[in-house]
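K.L.:
As you go down the protein sequences, you meet chains A and B in turn.
Number 60 in this note's numbering belongs to position 60 of the first sequence; there are no gaps in the numbering.
Number 101 in this note's numbering belongs to position 101 of the second sequence; there are no gaps in the numbering.
If you are wondering where the hints come from, they were derived from the structure by calculation, not from laboratory data.
Positions of the beta carbon are idealized from the N, C-alpha and C atoms, including for glycine.
Do not take every clue at face value.
Derived DEER-like restraints, expressed as beta-carbon distance ranges [said to hold, decoys possible]: (1) G128(B) <-> A217(A): 51 to 59 Å; (2) R205(B) <-> A3(A): 50 to 58 Å; (3) V223(B) <-> Q68(A): 17 to 25 Å; (4) P134(A) <-> R205(B): 39 to 47 Å; (5) A52(A) <-> E58(B): 34 to 42 Å; (6) R158(A) <-> E153(B): 48 to 56 Å; (7) E58(B) <-> V223(A): 32 to 40 Å; (8) M45(A) <-> A3(B): 51 to 59 Å; (9) A183(B) <-> R48(A): 46 to 54 Å; (10) D181(B) <-> A63(A): 44 to 52 Å.
Going by beta-carbon spacing under 10 Å, a handful of chain B positions derived as facing chain A [unchecked claim]: (11) Q68; (12) P95; (13) N98; (14) L102; (15) L106; (16) G107; (17) V124; (18) R133; (19) L143; (20) A147; (21) G151; (22) G195; (23) C198; (24) G215.
Number of protein chains: 2
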Amino acid sequence: MQAKAVVLLSGGLDSATVLAMARAQGFACYALSLDYGQRHATELMAARRVAAALGVVEHKIIALDLTQIGGSALTDPSIAVPETPSAGIPVTYVPARNTVFLSLALGWAEVLGAQDIFIGVNAVDYSGYPDCRPEYIAAFERLANLATRAGVEGTPFRIDAPLIDMSKAEIIQAGVRLGVDYALTLSCYAADSDGRACGRCDSCRLRAAGFAQAGVADPTRYVAD
Amino acid sequence: MQAKAVVLLSGGLDSATVLAMARAQGFACYALSLDYGQRHATELMAARRVAAALGVVEHKIIALDLTQIGGSALTDPSIAVPETPSAGIPVTYVPARNTVFLSLALGWAEVLGAQDIFIGVNAVDYSGYPDCRPEYIAAFERLANLATRAGVEGTPFRIDAPLIDMSKAEIIQAGVRLGVDYALTLSCYAADSDGRACGRCDSCRLRAAGFAQAGVADPTRYVAD
Numbered sequence: 001m002q003a004k005a006v007v008l009l010s011g012g013l014d015s016a017t018v019l020a021m022a023r024a025q026g027f028a029c030y031a032l033s034l035d036y037g038q039r040h041a042t043e044l045m046a047a048r049r050v051a052a053a054l055g056v057v058e059h060k061i062i063a064l065d066l067t068q069i070g071g072s073a074l075t076d077p078s079i080a081v082p083e084t085p086s087a088g089i090p091v092t093y094v095p096a097r098n099t100v101f102l103s104l105a106l107g108w109a110e111v112l113g114a115q116d117i118f119i120g121v122n123a124v125d126y127s128g129y130p131d132c133r134p135e136y137i138a139a140f141e142r143l144a145n146l147a148t149r150a151g152v153e154g155t156p157f158r159i160d161a162p163l164i165d166m167s168k169a170e171i172i173q174a175g176v177r178l179g180v181d182y183a184l185t186l187s188c189y190a191a192d193s194d195g196r197a198c199g200r201c202d203s204c205r206l207r208a209a210g211f212a213q214a215g216v217a218d219p220t221r222y223v224a225d
Numbered sequence: 001m002q003a004k005a006v007v008l009l010s011g012g013l014d015s016a017t018v019l020a021m022a023r024a025q026g027f028a029c030y031a032l033s034l035d036y037g038q039r040h041a042t043e044l045m046a047a048r049r050v051a052a053a054l055g056v057v058e059h060k061i062i063a064l065d066l067t068q069i070g071g072s073a074l075t076d077p078s079i080a081v082p083e084t085p086s087a088g089i090p091v092t093y094v095p096a097r098n099t100v101f102l103s104l105a106l107g108w109a110e111v112l113g114a115q116d117i118f119i120g121v122n123a124v125d126y127s128g129y130p131d132c133r134p135e136y137i138a139a140f141e142r143l144a145n146l147a148t149r150a151g152v153e154g155t156p157f158r159i160d161a162p163l164i165d166m167s168k169a170e171i172i173q174a175g176v177r178l179g180v181d182y183a184l185t186l187s188c189y190a191a192d193s194d195g196r197a198c199g200r201c202d203s204c205r206l207r208a209a210g211f212a213q214a215g216v217a218d219p220t221r222y223v224a225d
């Protein structure tokens, strides 16, 4: 039987690449997206497009209202999305987001009998987010194997973070080789309701620079276009 | 300033006791309940009563539809709630539930500036649940301090599980000393819509035996009454 994997899919460039990588490794992929009240809700439309294009077995979108917790420019409308890089951990950091997302992926993986969970965290371009570091991923994997029936009974989970040491340009080049259509993805923190990117937020800047460095034409639709 | 704590509050006997303990230790308590599609939704009404009776600063109820993930008698209507104890991990185990709950508590704690998170897990009566063991709690605490801005910047989180080594009778005796009114709480996995307990599920049996062993009159309202 084909091994199953749960893949966290945001609709952005990174997670689309991870999904393509998981598929290329031969996994039957189950995509999980969270509708967490993110400012960029058009991201979920992008996640649907990417999941369909890359042929997942199932795509689940779970609602979880993180705006009740707030504390981030992405989940609290009173905090502005910055247009210039900040020192330290940026205000777009969502408290405990990756821990919440990985926990839900873990629950689903256990029900499915999947041993692999893929997440598109990256420690190079987003070094300001504490929950994107290799030591964090290793600690979650350890936790997962203490937390679950499957871990205790001897089928350990792996948390796969294949992008963790890659630059944005390397990620784009890898995705292009795997046939990812980045026009389907959306990375902007402040996209308009048509899914057009602002071109000015941190995430847009990193993405545009990545395409330029990769020598790949940027397929992003910008508001100014 | 009074130190803040986030307390996971289910509406059951254990978490009500934990909330009373956190208050007795002098914390300003922020109660967090999850509306996760649990079969025993009357549990949330119990959580509201307990939070009000014990004077929390704020009580947040976050909706998260774990029925989409299923895999447990508590979240999948097609799996029956057992009336006799089972060997190994019981079917009432909800995959990754405590990891999901602690993650959300961690996010809120970070936003509040709280360093303490209280959870009513217990390794004695519920030894079948992997995410109720001391080594699991220690692993989550370690993860929390790698996952967050607060942990990285030097105000570490503590995961407080004061019931972990206590018997049900000891928990009840401790709660009675702290003035907990257990008539407000609900432990049953299959309560009716009036919040009356079935008296037959694992959770009802453990609770009733606990009152008997503690020498405390059982204030539970049962369907058969």
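K.L.:
A separate judgement is required for each hint: does it hold in the structure or not?
P.N.:
Hints versus structure:
Between G128(B) and A217(A) the beta carbons are some 56 Å apart, a value that agrees with the proposed interval 51 to 59 Å. Checked against the hint of 50 to 58 Å, the pair R205(B) and A3(A) fails, with Cβ atoms roughly 40 Å apart. In this structure, V223(B) and Q68(A) break the distance hint of 17 to 25 Å, their C-beta atoms being roughly 34 Å apart. Judged by the Cβ atoms, the range 39 to 47 Å given for P134(A) and R205(B) holds: they are separated by roughly 45 Å.
Hint check: A52(A) to E58(B), Cβ distance near 41 Å, so the stated range 34 to 42 Å holds. Roughly 30 Å separates the CB atoms of R158(A) and E153(B), a value that falls outside the hinted 48 to 56 Å. Checked against the hint of 32 to 40 Å, the C-beta distance between E58(B) and V223(A) comes to roughly 38 Å, which is consistent with it. For the pair M45(A) and A3(B), the beta carbons lie near 43 Å from each other, so the given range of 51 to 59 Å is not met.
Restraint check, A183(B) to R48(A): a C-beta distance of roughly 48 Å satisfies the suggested window 46 to 54 Å. Checked against the hint of 44 to 52 Å, the pair D181(B) and A63(A) fails, with Cβ atoms roughly 34 Å apart. The beta carbon of Q68(B) comes within 6 Å of a beta carbon in chain A, closer than 10 Å, and the hint placing it at the interface holds. Taken as an interface hint, P95(B) checks out: its beta carbon lies about 4 Å from the nearest beta carbon of chain A, inside 10 Å.
Here the hint on N98(B) is kept, as its CB sits about 7 Å from the closest CB of chain A, short of 10 Å. Taking 10 Å as the C-beta contact cut-off toward chain A, the hint placing L102(B) at the interface holds, the least distance being around 8 Å. The restraint placing L106(B) at the interface with chain A holds, with a minimum CB-CB distance near 4 Å, inside the 10 Å limit. Against a cut-off of 10 Å between C-beta atoms, the interface hint on G107(B) holds, since the closest Cβ of chain A lies about 4 Å away.
Annotation: V124(B) was flagged as interfacial toward chain A, and the flag is violated, the nearest CB pair being 17 Å apart, outside 10 Å. Taken as an interface hint, R133(B) checks out: its beta carbon lies about 7 Å from the nearest beta carbon of chain A, inside 10 Å. With a least beta-carbon distance of about 5 Å to chain A, the hint placing L143(B) at the interface is held under the 10 Å criterion. Contact between A147(B) and chain A, as hinted, is supported at the beta carbon level, the nearest pair being about 5 Å apart and thus within 10 Å.
The beta carbon of G151(B) is positioned within 10 Å of a beta carbon in chain A (closest approach about 7 Å), and the interface hint is therefore held. Interface restraint check for G195(B): the shortest CB-CB distance to chain A comes to about 25 Å, outside 10 Å, so the restraint is violated. Interface hint at C198(B): violated, since its Cβ lies 25 Å from the closest Cβ of chain A, which is beyond the 10 Å cut-off. The interface hint given for G215(B) is violated, since its Cβ lies 35 Å from the closest Cβ of chain A, which is over the 10 Å cut-off.
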